[in-house]
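Trainee: Residue-level listing of the chains:
2 protein chains.
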Amino acid sequence: MKKSIGSNTFAYPTPAWIIGSYDQNGKANGMTAAWAGVCCSDPPAVTVSLRKSRHSYQSILEREAFTVSIPSASYLEAVDFFGIASGKEVDKFEAAGLTPVRSELVDAPYVGEFPLILECKLLQTVELGQHIQFIGRVVDVKAEEDVLGENGKPEMRKISPLLYSPGESTYYGVGEILGKAYTSGLKFKK
Amino acid sequence: MKKSIGSNTFAYPTPAWIIGSYDQNGKANGMTAAWAGVCCSDPPAVTVSLRKSRHSYQSILEREAFTVSIPSASYLEAVDFFGIASGKEVDKFEAAGLTPVRSELVDAPYVGEFPLILECKLLQTVELGQHIQFIGRVVDVKAEEDVLGENGKPEMRKISPLLYSPGESTYYGVGEILGKAYTSGLKFKK
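Protein sequences appear in the order of chains A and B.
Residue numbers 14 to 203, in our numbering, belong to the letters of the first sequence in order.
Residue numbers 14 to 203, in our numbering, belong to the letters of the second sequence in order.
Hints listed in this document are in silico derivations from the structure and should not be mistaken for laboratory results.
None of the values given here were measured: they were computed from a predicted structure.
Nothing false has been slipped in among the hints.
It does not matter which identical chain is used: a pair holds within one copy or between any two.
Keeping only pairs whose Cα atoms sit at most 30 Å apart, straight-line, the calculated DSS-like set for lysine-lysine is:
1. Lys200 with Lys40
2. Lys65 with Lys134
3. Lys202 with Lys65
4. Lys16 with Lys134
5. Lys202 with Lys40
6. Lys193 with Lys171
7. Lys200 with Lys65
8. Lys40 with Lys65
9. Lys166 with Lys202
10. Lys134 with Lys171
11. Lys134 with Lys15
12. Lys101 with Lys40
13. Lys200 with Lys101
14. Lys193 with Lys16
15. Lys166 with Lys65
16. Lys101 with Lys202
17. Lys193 with Lys101
18. Lys200 with Lys166
Whenever a hint applies, use it, and build me the whole structure from the sequences.
Mentor: Right, here's the structure in full:
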C-alpha cells in the first residue's frame with residue numbers, strides 16, 4: 014500500500030557534479046549540482062538547473078559555456094564545499110585545494126583533479142520557476158586513462174562518482190554491477 | 014593527463030526509471046529512461062527525454078501526463094525489458110508480470126510493484142535534436158512505507174534504485190552512504 018508524501022523532488026539517484034564557469038572578473042568558480050542529467054544523444058547534451066541567485070548563473074549566461082566535472086567519491090568534502098560556499102565571497106578552488114584548468118574548447122574551467130570532464134557550450138535556457146535549466150551541448154569529454162575500459166569508454170566503477178539522495182541530503186557511492194542492458198530483459202521477449 | 018574521448022553523453026550516474034503513459038487505445042505502457050532527472054525545486058519538476066519514434070511520445074503529448082516509477086534493483090530484468098520492447102507491439106506490463114495502476118491525479122499509469130512513484134503533469138516540451146525533453150510538474154509522490162525514514166522521507170538505500178552507466182550499457186546498484194551534505198564540506202570554510 015503506497016502512501017502519498019506530497020509534491021516534491023524525491024527522485025533517485027541524482028548526480029553530484031561540479032559545474033565550472035568564469036565569473037565577470039575572470040575568476041574560476043564552480044558549484045555543486047544535483048538537478049542535472051543527460052538530455053539528448055545527438056547532439057550530445059546535458060542539462061543543469063540553477064537558481065538565479067547563484068554566482069554561476071550570470072557567469073554561464075555571459076560566457077555561454079560551462080563544464081561538468083564528475084568527481085571520484087574521494088573528493089566528497091570538496092564537492093560538498095562547492096555546494097555550501099558562494100563564489101561571490103570566496104575562491105572555492107583555492108579553499109578546497111583543487112586546480113582550475115582552462116578548457117581549450119569552451120570559455121570555462123574544470124576541476125583538474127576529477128577523472129571525467131564534459132566541456133559544454135550553452136544551447137538554451139528554460140525558465141522553470143525557482144530554477145532555470147541550462148542546456149549545454151557536449152563539445153568534448155576528457156577522461157583520465159585509468160577510468161577507461163578496454164573499449165576506450167568510461168566505466169562507472171572506475172570513476173566511482175557520488176550519488177546524491179534528495180530528502181535525506183546524503184551522498185552515496187556506486188555499488189556493484191548488476192547486469193547488462195539490452196540483455197537482461199530478453200527473457201520476457203516472446 | 015586527460016585524454017579526449019570525443020563529444021558524447023558519458024555522464025555518471027544516470028537513473029533507470031520507467032515512464033508510464035496511456036496510449037491512444039487506453040493501453041498502459043511504460044518505457045525505460047536514463048536521460049532524465051530533477052530540474053526544479055519549486056514547482057517540483059522532473060525532466061525526461063524521448064525520441065519521437067517512441068510509442069510513449071505521442072501518448073504523453075496527448076494526455077499531458079506521465080509517471081516516473083523508480084524500481085528497486087530486484088526488478089532489473091523488467092526495467093531492461095521496458096527499454097527493449099515497444100508498446101506498439103506488446104503489452105509490456107503483461108509480458109513482464111507487472112501491474113499498471115491508474116493514477117488518481119494524472120492521466121497515466123504507474124508500476125504498482127515499484128517502491129516510489131512520481132505523478133507528473135506535462136509542463137512543456139523542449140526540442141533538442143534526436144531527443145525531445147518533456148518537463149513534468151510533480152503533482153504527488155507515492156511511496157511504500159518501508160522505503161521511508163524516520164522523518165517520513167525516502168531513503169535511497171531502502172529504495173535501492175538502479176543506476177545506468179552510459180558507454181558500457183550496464184546497470185549498477187547503489188553503494189554505501191559516504192557523508193552528509195552541507196556538513197562534510199564545512200572543513201574548508203574559514
